[in-house]
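Undergrad: From first to last, the protein sequence lines stand for chains B and W.
Going letter by letter, the first sequence gives residues 6 to 184 in this note's numbering.
Going letter by letter, the second sequence gives residues 42 to 90 in this note's numbering.
These aren't lab readings, by the way, just hints derived from the structure by calculation.
Virtual Cβ for every residue (Gly too), placed ideally from N, Cα, C.
Some clues are possibly wrong.
[As the list claims (entries may be wrong)] For each label pair, taking beta carbons as the anchor points, the in silico distance ranges come out as:
1) 42/W <-> 7/B: 15 to 25 Å
2) 60/W <-> 43/B: 14 to 24 Å
3) 43/W <-> 7/B: 17 to 27 Å
4) 43/W <-> 161/B: 29 to 39 Å
5) 103/B <-> 43/W: 15 to 25 Å
6) 60/W <-> 118/B: 12 to 22 Å
7) 154/B <-> 43/W: 32 to 42 Å
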Amino acid sequence: MRIFVAGATGVIGRELLPMLADHAVVGMTRSRVDAVRALGAEPVVADVYDRELVFAVVAAARPDVVVHLLTDLAERDFEANARIRRVGTRNLVDAAVRARARRLVVESISFAASAEGAAAVAEMERLAKESGLESIVLRLARLWGPGTWNERPEEGAEFIHVREAARVVYEAAVGTEVT
Amino acid sequence: MRHLLLRIVGTAGAGALVSIAACGSNSGPEESTALLGSVAQADGGSGGR
């Protein structure tokens with residue numbers, strides 16, 4: 006199966022790419038070519054805000070499945086994260102449609118965000134649903150484990166280990182028949 | 042076109058089994074059950090690590 010992963014070097018992407026070793030995977034990155042390659046995928050450099058470039062790289066990948074793991078939380082900039090969920094998602098989803106991908110898998114959240122954050126999440130999920138592609142939106146609980154903000158889950162809150170989250174993304178991408 | 046909206050939560054502090062529930066999907070609950078089954082199988086059937 007041909008799989009295009011946007012957000013390939015994020016916390017979930019780093020766990021996911023090695024799981025996809027039996028597939029032809031293209032990992033989109035803004036600059037971390039060596040990291041994507043080390044994870045076993047073919048790197049492609051693109052900024053998700055460069056709409057035409059995103060269209061070109063997704064089309065070139067000819068993916069069966071597009072996996073959306075895009076976030077912008079490295080600087081804990083929630084405004085940037087909301088923007089990537091709105092604008093980045095639109096570019097990626099439109100590119101997936103243009104490239105005739107069959108399935109779209111989207112990382113979302115199960116927990117409450119700020120009003121702006123929640124609106125961006127709703128927009129992201131709406132874009133997936135209305136894409137016309139088979140879509141699987143995964144509303145993940147807060148992540149913990151390597152590379153996340155949490156060394157261990159907080160008492161009384163809903164969490165999921167990043168590796169388990171990646172496993173769910175893996176199954177959503179390849180574990181069930183693509184119709 | 043099929044659209045699945047799934048809620049994913051770890052059910053144990055050690056990040057063992059995950060809980061998957063459909064919420065707002067246009068497919069039946071068997072979809073999320075199938076996905077959970079796949080995850081458990083990938084986990085060696087134990088659901089744990």
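Undergrad: Output the indices of the hints that this structure fails to meet, ascending.
TA: Going through the list in order, the structure violates hint 2 alone and respects the others.
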